[in-house]
Amino acid sequence: MSSLNASLATALSGLMADQGAMQTTTNNVANVNTPGYSREEAVLVASDPVVLEPLTFGTGVTLQSVESIRDPILESQIQQQSQAQGQFSTLTSALQQTQVNFTTSTGDIGTQISNFFDSINQLSTNPTDLSLRQTVLTAAGNLSTSFNNTANNLTQQQQDLDLSVVQTVQQINQLSQQIAQLNGQISNLQNVGESAGTFVDQRTQAIDQLSSLVDVSVIPSDNSLTLTTGNGAPLVVGQESFQLQTQPTASGLHDIYSQAGADITSQITSGQLGGTLQARDQAIPAIQTQLDTLASGLATAVNTVQAGGFDLNGAAGTNLFNPPPVNGVGAAASLSVAITDPSLIAASSDGSAGSNGNAEAMYALNSQAIIGGQSPTDYYSGIVFNVGNDTSNASAEQTASGLVLQQLNDQRSSISGVNLDEEAANMVQYQDAYAASAQVVTTINDMMYATIQMGTLTG
Amino acid sequence: MVERFAPTRLKLLRELESSLRGSRQALLALDLAGIEQGTREQVGLVRELQRLPRRGIQMAGPALEQRSKGREGETKKNGASELPAWSREAAEEVRRSEEAVLQAARVQAALLARARRKLRILANMLAGPSLNYSCLFAKPNGLAPVVYGMRDGEL
Chain A
1172 MSSLNASLAT ALSGLMADQG AMQTTTNNVA NVNTPGYSRE EAVLVASDPV
1222 VLEPLTFGTG VTLQSVESIR DPILESQIQQ QSQAQGQFST LTSALQQTQV
1272 NFTTSTGDIG TQISNFFDSI NQLSTNPTDL SLRQTVLTAA GNLSTSFNNT
1322 ANNLTQQQQD LDLSVVQTVQ QINQLSQQIA QLNGQISNLQ NVGESAGTFV
1372 DQRTQAIDQL SSLVDVSVIP SDNSLTLTTG NGAPLVVGQE SFQLQTQPTA
1422 SGLHDIYSQA GADITSQITS GQLGGTLQAR DQAIPAIQTQ LDTLASGLAT
1472 AVNTVQAGGF DLNGAAGTNL FNPPPVNGVG AAASLSVAIT DPSLIAASSD
1522 GSAGSNGNAE AMYALNSQAI IGGQSPTDYY SGIVFNVGND TSNASAEQTA
1572 SGLVLQQLND QRSSISGVNL DEEAANMVQY QDAYAASAQV VTTINDMMYA
1622 TIQMGTLTG
Chain B
188 MVERFAPTRL KLLRELESSL RGSRQALLAL DLAGIEQGTR EQVGLVRELQ
238 RLPRRGIQMA GPALEQRSKG REGETKKNGA SELPAWSREA AEEVRRSEEA
288 VLQAARVQAA LLARARRKLR ILANMLAGPS LNYSCLFAKP NGLAPVVYGM
338 RDGEL
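Keeping their order, the protein sequence lines are chains A and B.
Here this note's numbering = 1-based position in the first sequence + 1171.
Here this note's numbering = 1-based position in the second sequence + 187.
Chain B residues, not near chain A, derived (Cβ > 10 Å throughout):
id	residue
1	S206
2	Q229
3	S274
4	E285
Per label pair, the in silico range of CB-to-CB distance:
id	chain 1	residue 1	chain 2	residue 2	range
5	A	S1507	B	G231	55 to 61 Å
6	B	K305	A	T1233	37 to 43 Å
7	B	K305	A	S1585	17 to 23 Å
8	B	K305	A	Q1545	39 to 45 Å
9	A	G1423	B	K305	39 to 45 Å
10	B	R201	A	Q1376	37 to 43 Å
11	A	Q1235	B	K305	31 to 37 Å
12	B	R201	A	Q1361	55 to 61 Å
13	B	E235	A	T1299	56 to 62 Å
14	B	V233	A	Q1418	48 to 54 Å
15	A	G1278	B	R201	33 to 39 Å
16	B	R208	A	A1433	42 to 48 Å
17	B	V233	A	S1585	33 to 39 Å
Just so you know, the hints here were simulated from the structure itself, not pulled from any lab data.
Note that beta-carbon positions come from the ideal geometry of N, C-alpha and C, so glycine has one too.
The shape of chain A in the complex, shown without the other chains:
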């Protein structure tokens, strides 16, 4: 038969376990508003029984562990959506900045193309009028300036994005170090059977932040985890972090290298870094190429018509625009007017001063398919449409990611968040259990007293 002392020990185990469980509830309530906190649950198990033939007696309860409530699949989905959200918010922001260059205004390329051809149209009504000739030169100058400004703005934006690439890589490296350090702390605690819930929460938050910066794959292992970029370049392995590096290329823009020295720039497709690279290396260069094609095609076509006509002095026409580079690269940034004397505009088609045949031919370029099978205005409209369309698509993707992320975060809150009603119920439950165990201790104490008294009486 079990002794009173054994019963006392059993009651004490109840007191200790309920106290521990109460501590867990207290901690949950205290962290109700802590971002990223996962609620903890006390895991109580019955202690190993004692066999005293022919009976078996229970020996109370043990607070086996304090577990944080998490859903790993949900965490993984959140990290995935954070990557998409980071990518599209950066891309949208970059494209919106790009779009400003193509907003209809007095100085935009589309308006300047119209002004240029309008001025030629006016000149064709009176080809000997020097003021109209000067207007054509001014419009050509404005058109060149507009191309130059837009091209320079795009280059500047590309350089700003490049700076952002370097800064983002630094942030990634800091977070990788932090996660490696947390891995060590979690591992140390879990190896001695302690709860590492707080450090796991901190690590989850750090991984969420890292996911918004770059595409990350999370591979859990015993008491630790490994993080790699989407293409497999290691970022964190256990307690060791692997630093990404940036190195400038010949173009002045930075490429990204893994610690092992592999160029992984083109393989980063998600997160803020992926969005920045997409804008820097794909979206902006594509627009620059289209602008160069437009500037080059327009300048070449105008120069060709000029060469086929005669100026006010009856001499063969010379270039109106300085010839663009042969391959067209940089044509928009370098477009400039070649002549300053308005009489050199070749408006005449037969050498006579009053002829307007060549001015009309030049005006006709406005509606001719001279650039990629399209008229200059239509080609420019196509660029504007593409920029607007890309911006709207990126914005829609950003909204969709935001909605899904919000939904996933709500789900995480319902699973891992602290519910005060539930905690209040737990508190009452543990309080009652503690009071009952305390009552058992009092009762056993009385029984012991009675036993001692029996001994005194018989003595």
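Guided by the hints, dock chain B onto chain A, whose structure is given.
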């Protein structure tokens, strides 16, 4: 033409936008009945919109007006610049509403793509480890193949 059909077009566009927003909520909640109902509504509204004549409305956009400085004659020929001010406002409102519908449709498409990815992952999980992943992606029509006795479309 504009004054006659703009209010109807505007009403239909607003209903379409509202329906797309409803479908968005249904899709997020994976409420299949809601998604189907929304799609039916949208198909009906699009048909009604297609029955309305479009001529005249597009021509009154302010952006086009600005761009058409060099083509004034051409624009006048289409009658846009002769529209009364209130008609231009109505046309502008229609254009804004069309943009809102387009954006709502883009968001819906992005959400559908995400839902489709999620369903593919679920389908693979349900299929178990013995199934080759690639076969779920192999069909060019995007439909999941018959797995473990499921009928087509049951998934």
